[in-house]
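Enquirer: So the chains spell out like this:
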Amino acid sequence: MADMANKAFAYAPAPESRAVVDIAPSYGLFIDGEFAEATGGKVFKTISPSTEEVLSEVAQGSAEDVDRAVKAARKAFEKWSALPGAERAKYLFRIARIIQERSRELAVLETLDNGKPIKETRDADLPLVAAHFFYYAGWADKLDHAGYGANPRPLGVAGQVIPWNFPLLMLAWKIAPALATGNTVVLKPAETTPLSALFFADICRQAGLPKGVVNIVTGDGTTGAALVAHEGVNKVAFTGSTAVGKAIARTVAGTDKKLTLELGGKGANIVFDDAPIDQAVEGIVQGIFFNQGQVCCAGSRLLVQESIQDELLDSLKRRLSTLRLGDPLDKNTDIGAINSAEQLARITELADSGEAEGAERWAPACELPENGFWFRPTLFTGVTQAHRIAREEIFGPVLSVLTFRTPGEAVAKANNSQYGLSAGIWTEKGSRMLAVASKLRAGVIWANTFNKFDPTSPFGGFKESGFGREGGRHGLEAYLDV
Amino acid sequence: MPTTVTAHGNDAATRLKELADATASDSALRRFLHGLPGVDAVGLEARAASLGTRSIKTTAKAYAIDLAISMIDLTTLEGADTPGKVRALAAKAVNPDPTDRTAPRTAAVCVYPDMVATAKAVLAGTDVKVASVATAFPAGRAALPVKLADTRDAIEAGADEIDMVIDRGAFLAGRYMDVLEEIRAVKAECGDKARLKVIFETGELSTYDNIRRASWIGMLAGADFIKTSTGKVAVNATPANTLLMLEAVRDFRALTGVQVGVKPAGGIRTTKDAIKFLVLVNETVGEEWLDNTWFRFGASSLLNDLLMQRQKLSTGRYSGPDYVTVD
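Line by line, the protein sequences give chains A and B.
Mapping of the first sequence onto our numbering: residues 1 to 482, in sequence order.
Mapping of the second sequence onto our numbering: residues 1001 to 1327, in sequence order.
To be clear, the hints were calculated from the coordinates, so they are not data collected in a lab.
Check the hints yourself; a few may be wrong.
A short list of chain B residues far from chain A (calculated; beta carbon distances all over 12 Å) [what the hints assert, rightly or not]:
hint, residue
1, E1045
2, A1046
3, K1057
4, E1078
5, L1148
Once the Cα atoms are required to be at most 30 Å apart in a straight line, the calculated DSBU-like pairs of lysine-lysine come out as [as the list claims (entries may be wrong)]:
hint, chain 1, residue 1, chain 2, residue 2
6, B, K1272, A, K331
7, A, K317, B, K1312
8, A, K90, A, K246
9, B, K1057, A, K317
10, B, K1057, A, K331
11, B, K1120, A, K331
12, A, K42, A, K90
13, B, K1120, B, K1017
14, B, K1272, A, K452
15, A, K75, A, K90
Glycine included, every Cβ here is placed at the ideal spot set by N, Cα and C.
This is chain A alone, in the form it adopts within the complex:
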């Protein structure tokens, strides 16, 4: 048996099996219910960011492919939108159940392609994906009662472009409300994480979804640009960077396309001196290190009341020292890989600027694997509003710590950002919580928690974080002609 002589409780490797997922060597585009090669036959490789191993080759969709996909969606729209809501709901419920049945396979796939820990794909991404389809399935036959008058009409074909940080979850946020309201879709997954969307295409076939209702066109930014600009598209939905969002807004301006954008953020996590400290520390960790900080609503700015700064930072550093970084497929891994070399370079550059501008950098001692893209969970103290790391979205596991003296100063600093996606408030005093929340200019405000998601709750931004809401009853509006 085990040697008990003064040995630390070291967890043995507990890898989730890769055998549950069968990745084909290559994938085509999913158009009109069939997989087909791209026009011109161009492909690109998708790799596992934790090992740099090539997982598969994926078709690079051209403008002609986008055109074919939009035409297929247009053709399917007539029948799909004419179906009674209860019939559309049946397909969505079926998709939700298949996702639940295949959740282990999809969780492993997502972890391989994205680099995030299996703990997160298993316990957060996949349950939320299924929940989103279940939720909007429920709306499909109740649209008359959604507050938009009797028989609200769908828009037509939705062109949807999603990011790489929550590949399947962002797909669900886009596709579920679109289908529930009677639209058909052409979706372009992110270049670095196309696989789960292609598996979703298979799920659509498994569910018997009519051809052309969902089309998946993989590719890079040019493919997305072609989709957004296509004149057959009635609705554009984009989640991603603010820079690309602005370009899309320019493309769409002057057309009759309806647009929703969910862009960047620089969320303030405000900790008052009467906060539940141990839970606040957990919330800070959840806020900035969940998904390696590659979350648009991350709590990347910690605003801590100056009177408890030392105490809170000691607790936080102690807690960060227990984070387990490594193989994302290991069930005990807390911090996985950064999604791409490009993203890692951006995080590195911004973190270096923090040091250069005079902030103090701290990271726990932890070994980084040799291959793949990795970044230590890092925090900066002595950060001011003027530092780049307090203003620009880093989209990585880097926390900027700022202090405040009064609630008024906390609100002023929290709102002093080009973004306005999320914020957190930590206090045991209910009246303070409500008073501060009402003054924050952010789409999502969490109180004594952070990064909690639910399909019933609308999500979206203020200012340069975008417009339109996803989730909840509000999420229907983006896909209805109202």
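Given the coordinates of chain A, work out where chain B should sit on it, guided by the hints.
Expert: Chain B in isolation, oriented as in the chain A frame:
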């Protein structure tokens, strides 16, 4: 007078002085306890649940099973306890697995005061301790002299450890100083002859804020261990209340340098559960608490499940309840 004490990095001597002030009067103690940071129940339970998803396999599991066995206070606290029953239990504590003498011994046997001498006779010459509940266990509804006599009786019979219950009535009525002074009195009775475990009966205190306050009362009064429950009420040890108490002993040591042990008791029946508690210890206070001087399980049926899992690991197959002893 500090309003909050969670304790890191500040001058320890000053803080210790402040702690003495905290217990100087009833109102000072109340202010101190009410100044402790609040507990967000949802967040606490979420953290405990999240640590519960750790996957402990192979060598780590073998280590955890042996560690858990060595941390058990093997307990019988029934009106129907007899010398025969107690002797059998004590024999099991020394040789938990009759088919495998490499199985570690349990930490202690826990009995009522009148059974201490019986247990001690079996355990003499081993390192298995005799723990005795005292102070009118489990309700604690008796006068202080009776409680002290109960404690003295157990120690004179040979108890190495005393598991006392706090006066929950006094706590819930806000008479914190009465609770503290009673613990101090029992501690004085224990002297250097017995280590004192202080049972809060967390199920009766009900709120996490109360459990944190009770933990600080116990530690300020000189408890060697803080313990969740008697095992006699509906809600006993849970991952969340144990996590909270681990945070309390962590903060107390950071402040004073004094290490206090933690004992969840009641309701922990399976190996899977026990391992979850060990993960809580490992990731909250670390390996300095990972031995039976500082962490215990108050349990009885847990031992057999640990032994069956242990046999499974060493032989590769499940044995079943007929291959462990019924005591």
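Enquirer: The structure should be examined with respect to each hint, and the outcome stated for every one.
Expert: For each hint, the structure was consulted:
1. E1045: Incorrect as stated: the minimum Cβ-Cβ distance to chain A is 10 Å, not above 12 Å.
2. A1046: Since the minimum Cβ distance to chain A is about 7 Å, A1046/B lies within 12 Å and the statement is violated.
3. K1057: 5 Å, violated
4. E1078: Given a closest Cβ separation of 32 Å, the condition holds.
5. L1148: It holds; L1148/B is separated from chain A by about 36 Å at its closest Cβ, greater than 12 Å.
6. K1272/B / K331/A: 16 Å, holds
7. K317/A / K1312/B: 39 Å, violated
8. K90/A / K246/A: 37 Å, violated
9. K1057/B / K317/A: 28 Å, holds
10. K1057/B / K331/A: 11 Å, holds
11. K1120/B / K331/A: 45 Å, violated
12. K42/A / K90/A: 37 Å, violated
13. K1120/B / K1017/B: 41 Å, violated
14. K1272/B / K452/A: Judged against 30 Å, a Cα distance of about 28 Å means the pair holds.
15. K75/A / K90/A: Between K75/A and K90/A the Cα gap is close to 21 Å, so the pair holds against 30 Å.
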